[in-house]
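Visitor: If you read the sequence shown in the working numbering, its first letter stands for residue 19, the second for the next number, and so on.
Hints are all accurate, no fakes.
List time: in silico DSSO-like cross-link candidates among lysine-lysine, alpha-carbon distance up to 30 Å:
| no. | residue 1 | residue 2 |
| --- | --- | --- |
| 1 | 148 | 62 |
| 2 | 55 | 137 |
| 3 | 137 | 148 |
| 4 | 89 | 187 |
| 5 | 148 | 55 |
| 6 | 62 | 137 |
To be clear, the hints were calculated from the coordinates, so they are not data collected in a lab.
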Amino acid sequence: SSYVPFTRYIFNTVFTTLVGTVGHLIFGSMAAYVLAKYDFPGSKGFFNLCVTAIMFNAYVLQIPTYLIMSKLGWVDTYAALIVPAFALPMGLFLMKQFSEGIPTEMLEAARIDGASEAKTFISIVLPMVKPGIGALAIFTFINSWNDYFMQLIMLSSTSNLTISLGIAK
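Work out the full structure, taking the sequences as your base and the hints as a guide.
Guide: Spelled out as structure tokens, the structure:
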């Protein structure tokens, strides 16, 4: 194995953690808003499935996650650490609870005023769930930064290692 400067490990860790966190905030907020404010077939079942997934130990999900990343050809890439972070069930649960607190009347008023769904989400929903986004950002960042086992099974080449794996190596 060739020498890789420690700054590369720092970049890998910061990059995968920040992109994973931002992606989780975006997808989690949008999905939670839809689950909280729209009733569609299977919505309650999907939410119950997500709550059930929170009860599982994270290590239980590592093998299926590895198999999926392997079939996609993403093992030993940044995507193997970033993409699974987009769909963590805790974020959906937390943001759904915040989104349920948004008065439906405000959303209806925005629709009457001609706001698109995207405009309503950006202008009304996001500002009202800022505390939830802040809390979720902290939880997701720390979880992603400290996810040593996921990094260990997904990354192998020296140039892709994170700080914790670089130190261990």
